[in-house]
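The listed protein sequences correspond, in order, to chains A and B.
Just so we're aligned: 118 in UniProt numbering is position 118 of the first sequence, and the numbers increase by one with no gaps anywhere.
Just so we're aligned: 194 in UniProt numbering is position 194 of the second sequence, and the numbers increase by one with no gaps anywhere.
Please keep in mind that the hints were generated in silico from the structure rather than gathered at the bench.
Being a predicted model, the structure only gives us computed values, none of them experimental.
Just so you know, even glycine gets a beta-carbon here, dropped at the ideal spot from N, CA and C.
It is possible that part of the hints are untrue.
Interface residues of chain B toward chain A, partial, derived using beta-carbon atoms under 8 Å [what the hints assert, rightly or not]:
hint, residue
1, Pro-205
2, Asp-228
3, Thr-229
4, Gly-235
5, Ser-236
6, Met-363
7, Tyr-410
8, Leu-411
9, Gly-412
10, Ile-647
11, Asp-671
12, Thr-677
13, Met-678
Have a look at the derived ranges for each label pair, beta carbon to beta carbon [to be verified]:
hint, chain 1, residue 1, chain 2, residue 2, range
14, A, Asn-8, B, Gln-167, 43 to 53 Å
15, B, Pro-401, A, Ser-149, 52 to 62 Å
16, A, Ser-117, B, Asn-672, 26 to 36 Å
17, B, Ser-236, A, Gly-151, 19 to 29 Å
18, B, Ser-320, A, Asp-9, 54 to 64 Å
19, B, Val-307, A, Asn-113, 43 to 53 Å
20, B, Pro-225, A, Ser-117, 26 to 36 Å
21, B, Asp-521, A, Ser-117, 45 to 55 Å
22, A, Lys-139, B, Gly-315, 48 to 58 Å
23, A, Lys-139, B, Val-352, 35 to 45 Å
24, B, Asp-690, A, Asp-19, 53 to 63 Å
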Amino acid sequence: MKLSLNVNDQQYNLDVDADTPLLWVIRDHLKLNGTKFSCGNGLCGACTVLLDGKTVRSCSYPVSNLKNQKITTIEGIDSDHPVAQAWNQLDVPQCGYCQSGQILSAVALLDQNANPSDAEVKKAMNNLCRCGSYPEIKKAVDLSTELKSKGA
Amino acid sequence: MQDLMKKSMNSSLSSANALQVEVLEPQNMARRDLFKAGLLGLGGLVLGFSLPSAQKAYAKTESVAQKSYPVKAWLQLDHQGGLNLVIPVSEMGQGSQTAIAMILADELGADYDNISVQSALNSSIYNNPAFGMQLTGGSTAVRAWWQPMRVVGATLREMLVMAAAQQLKVDASGCKTMAGKVIHSASGQEVAFEQLIDIASKLVPPVKPMLKDASEYRYIGKPMPRVDTAAKTDGSAVFGMDVVLDDMLIATVAQSPVFGGEIDSYDEAAAKSVKGVKAVVELNNGIAVVADSYWQAKKGLDKLKPVFKGGNTSGLNTQSIEQRLQKGLKKTGVEVKKSQSVSVFAEQHQAVYQAPYLAHTTMEPMNATAHVTDSRCEVWAPTQNQAMTAKIAADISLLQPDQVVVHTTYLGGGFGRRAFVDYVAQAVHLSMEMERPVKVIWSREEDIQHDFYRPAAVCGFDIKTDKKGMPLEWQVKVVSDSPMASFTNGSSTMIDNSMSEGLADQEYQIGNLGLSVVREDMKIPVGFWRSVGHSYSGFFMEGMLNELALKAKQDPFDYRRALLKPDSRTAGVLNHLERLSNWRVKAPEGVGKGVALVESFGSFAGQVVEARLVNNQIKVDKVYCVIDCGLVVNPEIVKRQISSAVIYGLTAALKGKVHLEGGAVVETNFDNYPMLTMQETPDIIVEIVDSHNAPGGYGEPGVPPIAPALAAAVSQLTGKTYRELPIKV
Numbered sequence: 001m002k003l004s005l006n007v008n009d010q011q012y013n014l015d016v017d018a019d020t021p022l023l024w025v026i027r028d029h030l031k032l033n034g035t036k037f038s039c040g041n042g043l044c045g046a047c048t049v050l051l052d053g054k055t056v057r058s059c060s061y062p063v064s065n066l067k068n069q070k071i072t073t074i075e076g077i078d079s080d081h082p083v084a085q086a087w088n089q090l091d092v093p094q095c096g097y098c099q100s101g102q103i104l105s106a107v108a109l110l111d112q113n114a115n116p117s118d119a120e121v122k123k124a125m126n127n128l129c130r131c132g133s134y135p136e137i138k139k140a141v142d143l144s145t146e147l148k149s150k151g152a
Numbered sequence: 001m002q003d004l005m006k007k008s009m010n011s012s013l014s015s016a017n018a019l020q021v022e023v024l025e026p027q028n029m030a031r032r033d034l035f036k037a038g039l040l041g042l043g044g045l046v047l048g049f050s051l052p053s054a055q056k057a058y059a060k061t062e063s064v065a066q067k068s069y070p071v072k073a074w075l076q077l078d079h080q081g082g083l084n085l086v087i088p089v090s091e092m093g094q095g096s097q098t099a100i101a102m103i104l105a106d107e108l109g110a111d112y113d114n115i116s117v118q119s120a121l122n123s124s125i126y127n128n129p130a131f132g133m134q135l136t137g138g139s140t141a142v143r144a145w146w147q148p149m150r151v152v153g154a155t156l157r158e159m160l161v162m163a164a165a166q167q168l169k170v171d172a173s174g175c176k177t178m179a180g181k182v183i184h185s186a187s188g189q190e191v192a193f194e195q196l197i198d199i200a201s202k203l204v205p206p207v208k209p210m211l212k213d214a215s216e217y218r219y220i221g222k223p224m225p226r227v228d229t230a231a232k233t234d235g236s237a238v239f240g241m242d243v244v245l246d247d248m249l250i251a252t253v254a255q256s257p258v259f260g261g262e263i264d265s266y267d268e269a270a271a272k273s274v275k276g277v278k279a280v281v282e283l284n285n286g287i288a289v290v291a292d293s294y295w296q297a298k299k300g301l302d303k304l305k306p307v308f309k310g311g312n313t314s315g316l317n318t319q320s321i322e323q324r325l326q327k328g329l330k331k332t333g334v335e336v337k338k339s340q341s342v343s344v345f346a347e348q349h350q351a352v353y354q355a356p357y358l359a360h361t362t363m364e365p366m367n368a369t370a371h372v373t374d375s376r377c378e379v380w381a382p383t384q385n386q387a388m389t390a391k392i393a394a395d396i397s398l399l400q401p402d403q404v405v406v407h408t409t410y411l412g413g414g415f416g417r418r419a420f421v422d423y424v425a426q427a428v429h430l431s432m433e434m435e436r437p438v439k440v441i442w443s444r445e446e447d448i449q450h451d452f453y454r455p456a457a458v459c460g461f462d463i464k465t466d467k468k469g470m471p472l473e474w475q476v477k478v479v480s481d482s483p484m485a486s487f488t489n490g491s492s493t494m495i496d497n498s499m500s501e502g503l504a505d506q507e508y509q510i511g512n513l514g515l516s517v518v519r520e521d522m523k524i525p526v527g528f529w530r531s532v533g534h535s536y537s538g539f540f541m542e543g544m545l546n547e548l549a550l551k552a553k554q555d556p557f558d559y560r561r562a563l564l565k566p567d568s569r570t571a572g573v574l575n576h577l578e579r580l581s582n583w584r585v586k587a588p589e590g591v592g593k594g595v596a597l598v599e600s601f602g603s604f605a606g607q608v609v610e611a612r613l614v615n616n617q618i619k620v621d622k623v624y625c626v627i628d629c630g631l632v633v634n635p636e637i638v639k640r641q642i643s644s645a646v647i648y649g650l651t652a653a654l655k656g657k658v659h660l661e662g663g664a665v666v667e668t669n670f671d672n673y674p675m676l677t678m679q680e681t682p683d684i685i686v687e688i689v690d691s692h693n694a695p696g697g698y699g700e701p702g703v704p705p706i707a708p709a710l711a712a713a714v715s716q717l718t719g720k721t722y723r724e725l726p727i728k729v
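One chain only, chain B, in its complex shape:
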C-alpha cells in the first residue's frame, strides 16, 4: 500500500497513465446481465465491470448482490431515460460527483440533466486506479478516473448504437449518440436510449470501445451546474451525522488527552443517572456513553468524569517538540539526493524554516453509524477511505469481508482527515456491544484534540551562490514525522516521500541539489492534511527562493525564470501570473506584494498576494492565482477549489498552530483554533491556463503557494524575514 500511495504522493502523471492502461485491458471487462425489475425495484440496463485485479472479488460481489444486497455497478439506465451513475469517489465538496457525471455524459452522449448520482458501496471494482484501494485523496478524483469513466461511457454508447442499428436496420457506423438519443445521421431517424434497453441488454459489450475526440465534447470544459447543489441548499443532503436508523442509539466519546493513554477511572453510576443513558462502554483509548439522544449522551459523559492514565506523549510540550525538531537538523538523515561540495562561491546562505502541527477541523465532526448482526456489518460513514472502513469493520466484527457493507454519505469536509477511520472502529465496537445500531458523534473538542495532524516540520537550507546570486550548491534537510507510517502502522524509523515532496522535485533547474530527511517519531498521530507535505515544503522552498532573489537584488519573477526552462509549465504559469497580477506596476504605499509558485499533484499553481498592515495586523487584500491543471472538466469547480485552497492556506498561514502541553493538545474549539471569516477573506482572482495536457489535481495545489507569497508580501512592509508559520508580525 505504501508504494501505491507513494505513486500519488509523487504527483506523477506517468504512474497514473500506466495504471490507466491496466484499467483499459479490454479482455477483463465482463458483461453484466440485465437485472430484472424486482431486484432493485427499478429495472433497466445495469452496466458493471471490474478492474483486472478484482475479478475474484467481483464474482463474490455478484453472489452477494443476488442475496438482495445493493447492486455494485457503474450505471443504470432506467425505462424513463434516467441514468443513475455510481460515483467511485467520496464527495467532500471538491465537486467530483459533478466532474465525473460530466465526463460520463459526454462520452456516452447523454443529456447531463438526466443524470443522477449515488455514492459507490465498498467493492474493489471501485478501487482508485492511483492507489489500488478504494480511497479518495491526493487530488486524484478526476486525474485517476478520467480515463476509466470515459470507458464506462463509451461501452454503453457503443451498445446503444449497436442496438439502434439493429432496430432501425441501418449500419452502426452511420449512427451517433446525442442528448440521450441514438441518431442515424443519413435518415435523421432517432431512438431514445430507454427504448433500446431490451435489445442492448442482449448484446455483448464491446471489448475496445472507441473514445471520443475532445472536439465532440458538449459539457467538458464548461461550467455545468453541480449535481449536489439542490440537496445542499434545502437541507436534505445526508451527511454522516444525519444517518437515522430504526432503534438507533447515539454515543459520544472521551479519548485520552495524552496520546496512547487509556482509561483509569470514571463514575459510571453518575453517568447512568442521566435520563436516557443506556450504557458506558470502554474503548481502546477512551470511553463512550451511549444514550437515546446526543444531548443525553453528552450530559452522561460530563457526569462520568473519566480519568486517563499513561500514554506515549506525556512529557511533550510545544517547546520540547520544537527543540527536538531543531536538533534533528544536526542528525545525518536519509539521503534522497546527493550534491557535490563546492569550494568556490561568492556567498553562503543558511536558513532554518519551521511549520507547526495543524488540525483539519472539518465542519462536520468525526462520526459514524454501524449496525452489526450475526451475519452482517453495515456502516454508514462520511469517509474518504472505504477500503479501510470495510477492513476495520470486518476485523472488529469478526465477519467475512463480503458480509460488510459500507455506505458513504456526503462528507462535511475531508481535507485528508477522513482517510483515517478511527471513528468507524468505535461505531462498530459500540453496535456490537449494544446489539443495536449505534451512531457515534464526537464533540468539536474531541475532534480537535484527536486528529491525525499535519506534522510539524523544520527545514534547514545551506546554499552557496555565485556572484549573481544564483545557486551553485543547494543543500536542504527536512526534519518531520511520517504520515504514511501513521497510516500503515509503519516502524518509527520509516520515512515517506510526502515528508520531503516539493523540496527536490520542482521544475527549477538547480543542478547541484542535495536533500536529506530526518524522521522524528513524536508519537503524536499525524496524517494527510490538504496538500500533505507540500503544505509546508512550499513555504520552505519558495520562501528560500524569495530570500535569495532579494539578496541578489533581483525581481522574484526574474530570479525564478532564470532557474526555469522557458517552455516549462512552471514558466508558463509564472508569465501568466505576471500579467494577471500587474506585477510590474508598483504597489501603492503601504501595500506589500509577494509571489510563490508550487508544483503539486500534477498541477502548477502560482499566486501573488497583496497585503497591508492595519493596527499592526496583517490584512490580505487580494490574491491573484493562476493554475495549470491540464485538461479542465469544469472550470468553475476548479476556480472555486483554488479559491477554497487559498482560504484554507491563509487560515493556516495567519492563525494555524496546534500546541501541546503535557502530551495533550491545548486547542479545543473555534475560539482558540480560529478559522478565517468572510470579513477576513481577500478578493481572490483565479485564471486557468489553457492546456491539452492530461488532467492534473485541483483540490490541493492551491494551498502551498499562499503562505510563502504572503510571507514575502509582509516582509516588504516590515523588512523582516519570515521563516516560521503562522506568520506573526
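Isolated chain A, as found in the complex:
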C-alpha cells in the first residue's frame, strides 16, 4: 500500500505491504535504527514509539492501522528535552538496548501527567530492561518531572 508518514516532523512517502509492522517500516525503510526489535509481540516495549504523543508498541502495530498520526521516534527527541537531559545526567543506560523505548514511555507519561506519583511511574514504565536499570530509570523519570516543571 502507498503510505504517507509523518515521522519526527518529516514527511515520507512509501510503498509497503499493509501488514508490515510500523517497527519494520521505521527500521528497514526509513533506516531510523534507534527504535529496537526485541520480542516481536508487544511484550517488552523496546520498540515503543509515540503516535500523537501516546505510546504504541510498533513491533505489533501494522502500518495499515495508522490514521495520519504524527509519529515520534527516539531520533525526534531533542537532547534538551527534559527526559533526555535527565537520562544523560543520571547516566541511565547500561547495555542501552531498551532505552529508546524507555525514554519514549517517559516522554508520553510526563505529557499526560505532569507530576506522577511513584505508583503511577512504576505502572506506566512497564518496558522490560534485562540489565535491571529500573532504579535509575525511576530516578530519571523523577528528575525529568522536576526539570520539566522548571521549564527546562
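Position chain B against the provided structure of chain A, taking the given hints into account.
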C-alpha cells in the same frame, strides 16, 4: 583453551597477576611508527604494541593495515588533542569502556573529557590476558586489563614528557602530565600533548615506563560519567541489529526445535511467493529465508512451514531430565576433594538441592552481519568472542585468518550468551550463498529456544555436625552438565571447574570437606550464564549454611563467622553487611529476612533480603548489598552492576525455569519466560568495601547471593525449607 578458561573460572587473582607480568615484559614492546595523515584520513600519533605471544600475528597485522585495513593499535592522539582509545573488551552494559578510559586517562595524565573510544577489531594484540584469546567474560574486563592499560598510558606519558623536555630544553625529571598537558613544574611552562606529536613520534618508546602511585589518580575511584551514555540516549548507538550495508539482504531462521535435528521438508515455493523474498537456504541445523527486509523474511518463514527430523534430545522432557540428575547423585563422581569419614558426631544432615535450565534472554536477539568476497570476510557482530568469530568466519569462508575482519558493535546484553558464535556462522554462510552482505536476525522465539542454557543441576549434601551444630564432615556431590565441553566440543565425560565452583573454594574453614562431580551429558546446549556455576552453587552452599544455622539455633551471621577467619575478606563483608542491613533489629511482623554471601570472580558479595507474602506471592521489599571487589575504578558503575545482578538473579529466583517437552524448549517469549518489571523491583542499597586489594570482578558477583538470601527470608515466613529454584511458596 580449557586451561586458560579455567584460570578465570577459578576467579584466581594470582593467575591474573602472573599473566600481567607476561604482558609487562618490556623487551616485547615494539614501537609503532607514526602513521601519516591519509592512512586513516586523520593523522596524529598512533601507539600500538602487542603481547609477547602475538609478535608474529602482529607483523601480519601491520602489513594488512598498510593495505588500508583499519589500524590495530591502542590509541591515537590527534592534532586537536583528541585521544581515541581502542577498547579491547566488548561493551555489553557493564561499563568497561568507561572504566578502561578512566584508567588510561589517569595513567597518561589526559583530560578524561577529551577521550573517545572505539571497539577493537579482531587481533591477537587484544587477547584478554586472563584467557589468552580475544574474549570478554568472567568479569575480567577491569581485573585483567587494569595493568596492561596502565602500561599503555604510561608509555605515551613518558614519550610526551621526553618530547616536552626536548622542546623546552629542560630536564624530563622535572616534568609531569596533567589534563592533557606536560607541565615543567619549576618554570611553570606548559605544552599541550598535541603540540608534541612530531617530536614524540620520533622517540623510542620507554622499555619500562613507571606506573603512577594511587595518590596521583584524579579519576580512578570517582563516579565519572559513562562514555556511552549520549549515544545510548539519542538512539545513535550502533548495536549488531543496527548495522546497515549497501546492497544488504536480511535473513531470519528456523532451527530444529529438537536439539541436533535437521531440516526434513518445507514449502519453498510458498516462501518465495512472498514479495521481497530472495532465497531459501538450508543451514546446518535449520533453514533461512533471505529477503529485502526483515518483515518479508519473517512472512516467508511463516509460509515455508519447515518440518524437522531427528535430533539428540527427542525423548527428553523436564521430568525425565530431573530424574536423571537425581539418579546421578548415586553415581561415583570425579573426586575433586576428599574428606575423611567421621564416626563420632551429634547429628547428620542430608539435603538435595536443585536448579533448572535458564535462558539468557538478552534484550537484543541474536544477530550478525557478514560480507564475504573472494579475498575478504568482514563480520559485524554484537559478540563477546572476537576470537571464535574470526575463526569460524575463516573456517566457513575458506579464507586466511588475516583476510577476516571482525567489527564489534555495541551488545544489547551479553550475560555469557554471546561467548558463543552460532549466529555468526549463519551470517557468513548466508553471505557466501547470496554473494551479498547479509544480516541474520533471530526472532525472540528462536533466541529463547536456541540458547546455550545455564545447565540444570542437582546437589546432594551429607553433613555431620558436632553438638553445637558445627560441621565435622561435609560431603557434597553435584550433578550437572559442562559448559566448557559445549564451548570446546569436549567429550561427553569431560568435567570442568565451573560445574562445582563455589562448593569447595569459599573462605569458610570447613576442614573435612569432600567434593565430587558427576557429568550428565543431556545433549542440550549449555553455556556460561551470568556468574556461571556460582549461579547455582551459591544457592546450594549458602542455602545449606542457612539450614545448618537454623538447626543449630544460631544466628546465620554468627554461624558463618564461626567458620571464618576474623581477618578474611568474607568476614569483613559480613560485618559490613550486618551494620548496613540493621540485621540485629527485629523485622516487622510479616517481613522475613535472609542473608547469603558468595565469593566469586575475585570478589566477595553479601546480601540481606527483606521479603513479604502478598496474596501468597513473594514480594521483595529491600535488598542490602555489600561488595568487596578490591580497588574500584568507578564506584557508580560497580554499584549499578551489583543492582543489575540482583535484579537478574531475582528474575531467576522467582520466575526462571526453561522446560523441555519432546526434546524441545517449551518457552517462547517474555509472556511465558517473564522478566522482573520495575514494579517488582525492590529497593536495592549497595555499599562498597574500601579496599587496596587488586581489582576484582563486579559484573557477575552480585548474582549468586540473592537466591539463597531470598530462600531464607521466605522460609521465615512459611516455615518451609526451599531447596529448589525457582522458589515457589
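Hint by hint, here is what the structure shows:
1. Restraint check, B/Pro-205 versus chain A: the minimum CB separation of about 35 Å is more than 8 Å; hint violated.
2. Below 8 Å, beta-carbon pairs count as interface contacts, and B/Asp-228 has one with chain A at about 7 Å; its hint therefore holds.
3. Look at B/Thr-229: its Cβ gets to within about 5 Å of chain A, closer than 8 Å, so that hint holds up.
4. For B/Gly-235, the shortest C-beta to C-beta distance to chain A is roughly 2 Å, which falls under 8 Å, so the interface hint holds.
5. At about 7 Å, the closest approach between the beta carbon of B/Ser-236 and any beta carbon in chain A falls short of 8 Å, and the interface hint on this residue holds.
6. At about 4 Å, the closest approach between the beta carbon of B/Met-363 and any beta carbon in chain A falls short of 8 Å, and the interface hint on this residue holds.
7. With its C-beta approaching chain A no nearer than about 7 Å, B/Tyr-410 sits inside the 8 Å limit, and its interface hint holds.
8. Hint on B/Leu-411 holds. Least Cβ distance to chain A is approximately 6 Å, under the 8 Å limit.
9. Evaluation of the B/Gly-412 hint against chain A yields a held restraint, the C-beta minimum of about 3 Å falling below 8 Å.
10. Checking B/Ile-647 against chain A by beta carbon gives a least distance of about 3 Å; that is within 8 Å, so the hint holds.
11. Hint on B/Asp-671 holds. Least Cβ distance to chain A is approximately 6 Å, under the 8 Å limit.
12. The criterion of a C-beta within 8 Å of any C-beta in chain A is met by B/Thr-677, whose closest approach is roughly 6 Å, and the hint holds.
13. At about 4 Å, the closest approach between the beta carbon of B/Met-678 and any beta carbon in chain A falls short of 8 Å, and the interface hint on this residue holds.
14. As the Cβ distance of A/Asn-8 to B/Gln-167 is approximately 50 Å, the hint placing it in 43 to 53 Å holds.
15. At about 58 Å, the CB distance of B/Pro-401 to A/Ser-149 agrees with the hint of 52 to 62 Å.
16. Between A/Ser-117 and B/Asn-672 the CB atoms are about 31 Å apart, so this pair conforms to the stated range of 26 to 36 Å.
17. Range check, B/Ser-236 to A/Gly-151: Cβ separation about 27 Å, and the 19 to 29 Å hint holds.
18. A hinted range of 54 to 64 Å holds for the C-beta pair B/Ser-320 and A/Asp-9, which are about 58 Å apart.
19. The hinted window of 43 to 53 Å between B/Val-307 and A/Asn-113 holds, with their beta carbons roughly 51 Å apart.
20. Hint check: B/Pro-225 to A/Ser-117, Cβ distance near 29 Å, so the stated range 26 to 36 Å holds.
21. For B/Asp-521 and A/Ser-117, the hinted distance range of 45 to 55 Å is satisfied, since their beta carbons lie about 53 Å from each other.
22. A/Lys-139 and B/Gly-315 have their C-beta atoms about 50 Å apart, which keeps the hinted 48 to 58 Å range intact.
23. Look at A/Lys-139 against B/Val-352: about 42 Å separates their beta carbons, and that is inside 35 to 45 Å.
24. Range check, B/Asp-690 to A/Asp-19: Cβ separation about 59 Å, and the 53 to 63 Å hint holds.
Of the hints listed earlier, the one the structure fails to meet is number 1.
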